[in-house]
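Trainee: Each chain, letter by letter, is given below.
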Amino acid sequence: MAEIAVGIDLGTSNSCVALMRNDKIDVLPNTYGEHTTASVVAFAEDGSITVGNAAKANIIHEPENTVSSSKRLIGRYFFSEEVKKAQAICAYEIIEGANHGVRINIRDEEFSLPEISAMVVREMKQIAEAKIGEPITKAVITVPAYFNDNQRQATKDAGKIAGMEVLRILNEPTAAALAYGFGRGLNQRVAVYDLGGGTFDISVLEIGRDVFEVLATCGDTFLGGDDFDDRILDLLADEFVAKHGVNPRNDPYAFEKLKFAAEQAKKGLSLEEEVEIRIPDVMTVEGGECLSLQRTMNRSEFASLVQDLIQRTFKVCDEAMQQSDLTTRDLDGVILVGGPTRLPVIRKAVQDYFQQEPKADVDPDEVVAMGAAIHAASLVNAEAPDSVLLDVTPLDLRIGVAGGLAEPVIERNTPVPIEQSRRFTTFQDFQESVKIRVYQGDSRTDSENEMLGQFEFSGFAKARRGEVNIDVTFEIDADGIVNVTAADPATGQAASTSISLSGGLSDEDMEKILEQDPTARVAAAATPDGSDSRTAASAPAPVAADEEIVLLEETHDGIDLDLEIDDDANDGDLELISDDLSALAAESNDSAGSSVIDPNAVSISDLDGEPDELVPLGNAAVEVNVNEGNAREDLFDSSNKDLSADDDETELE
Amino acid sequence: MSDVAPLEIQALAKIIDELDYYQLLHLETNAEVSAIKKAFHATSRTFHPDANRHLGDELREECARISKRVTEAYCVLRDPRRRKAYDAKLGGNEGLRMQLAEAKAAHARQDTEERQGRTPQGRQFYQKAAQDIARQDWTSAQQNLKMAMTFEPESAFFKEKLEEVRKQK
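Going line by line, the protein sequences match chains A and B. Residue numbers for the first sequence follow the numbering used here, beginning at 1 and rising by one. Residue numbers for the second sequence follow the numbering used here, beginning at 654 and rising by one.
For reference, chain A alone in the conformation it holds in the complex (with noise of 0.2 Å):
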């Protein structure tokens, strides 16, 4: 007998579980006989948790006891501003945990985002059991397409947590695209344009029949339909202040009230030309007057409210359809996903910027889910029709190199699976290791890249600076799994990593929380203090000089880049020199090949506070030499120092 594996939409508001057999793909209902249940989970006080939308009517009456778009937390750092917006409108409590994690706190218990989630999990894995009559115990899980490594791996803690194999991380738009493709033979390019609760990803995608061709994907992890209920709230909220002189956004239960009847009033203009808000308690002042509200809005108020919005999201279309190299004239089709698209408003500015209707044959809140459970199908049984998934990754794959920068080795848009290697070479004389930092984002600036993880390679030639190659190598696999490698290709010497993650759990994490039965009430929370090695190993902290590396571009193409210090720049500016000036000046704006390093950022001349500890570049042989091991600690404390990032580092230790 085929095995089963369902697919399961994970969303920021409503999640979705679907299941293909026998060519068959169903959309499983919940018990009341809803397609999709909230993704919110209510603590009650005697210890059981609810989730779905018996959950989601509790906000209102417990809201710090009830927690809703946890997807917007999930993978990240606790000083991300996600976080801190987060932090300003949700009414149960976010603290940070170790090694910059995200926990919540509720009636005294701390929660990782991955418990959280793999709550929601479990409910729609109980929903598909109770459907089938088997236990299901494998799943294909959607992230939004724009998710960066942090966060994919989050959520395939938080399938494992709820008891499940997660056979694959699988893109929103993708699955969709899937879902709209599958079994048609269609020789079609579109684009799927995926505006969620919390976030917003486009994909344009090429289908050859049964290959599923991702040609690019753009997004805004921080764009949802969330984002629409806070200006219809922002505005209420306005109004009640200026009526009442109380501002409802100080009381809790006032302001989860403003919330909920603000994501009615959206729902509502998605049927009607106008809707009327009525809220005859939003909150009782000194002396006991009770305050309400009432007022109409239209959907032309409501345009106005979130055009800016909107606008943003076609800012992400325009560099897709660039990446991508198309032009919306070259689409066959345009299919929406996910709840907010259903808004007349965004219908509308969808069909204008790409000039065509939307398909209307899909649905936006289960296409996510029944693309999911076709691969989950095709990952299980030899049997299932061909499909061939071929995605791209969202974000650049970068590398830490000297002067605080980050060099791409594997650029965004780039299909997967693929292996990458650029040369390195180390940044002082005799240098006795590196250390390999590896980054997830767009910029060159290291620190405005998220933090995949870190890893020392050592064992390689002692040297002369610039003379050590070390050639380090970026693997994505087809399962989205990074794995970065250092080599010295004159030694053989290597050493490894998969990428694992400090937004995810540790194994320690991992096993602890597994111990309990996974199908009870989540008990304990599982945050060893500072024990854990993975994600201590892959917290952000500042590098020392003598493990940095230099980009190395040479023997393959004629490029040497050397680094040299300038004589004609200021306090001795350290640059890349090339031997082909007109190549650099042809790149210095771009992100390729060379750099201009600041020292500013790192090292020498920023370390002045305590010059003893430090080793000028001339004579770093010498101190190296001498200290043997040691040296290396010290100018890693000292570094630490003078960054004033002291904050970050007291938990590492």
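Mixed in with the good hints, there may be bad ones.
Below, a list of computed lysine-lysine pairs in the DSBU-like style, where the Cα atoms sit at most 30 Å apart [as the list claims (entries may be wrong)]:
no., chain 1, residue 1, chain 2, residue 2
1, B, Lys690, A, Lys315
2, A, Lys131, A, Lys24
3, A, Lys359, B, Lys691
Label pairs and their computed distance ranges (CB to CB) [to be verified]:
no., chain 1, residue 1, chain 2, residue 2, range
4, A, Ser447, B, Gln777, 41 to 47 Å
5, B, Gln676, A, Lys359, 38 to 44 Å
6, B, Lys799, A, Glu448, 46 to 52 Å
7, B, Ile668, A, Ser447, 43 to 49 Å
These are computed hints drawn from the structure, not numbers from a lab. C-beta: ideal position from N, C-alpha, C; glycine also.
For chain A, the structure is supplied; the task is to place chain B on it using the hints.
Mentor: For chain B alone, coordinates are given in the frame of chain A:
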């Protein structure tokens, strides 16, 4: 599922380092972009690890290796500028593979050469012409561009500039 024979997977994995991208994708060296895409899809249907999930770990590992190289070949050949850089590398017997960053650096250099001249004399006369253009001395600019072109008759960029100057005159 792919119906490729295990022997075929093993054979290809064995010789993959000896194939250039055209050979890998079964393409003529003058293949059109549409043919390159077709070949990429066809090869993926056959060798993608997902299409071979029914096979054992070892064979699927080899499929993964083939797939990665196929993707690399496709990335280079589908982009005219990368392809040009790759063709130059093949012609010079400098290897059968090209990393994407390497291709980018190479075509950036080609662009600069095209814009400023490939030969010292070409560069010299073009620079003079550029100065002429700046002060709108079209006659002198035309002469200098013609001189530059005697050293680099194939330069499309010089030709284009010459046309522009002629129009100005």
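Trainee: Check each numbered hint against the structure and report the violated ones by number, ascending.
Mentor: Checked against the structure, no hint fails, so every one of them is satisfied.
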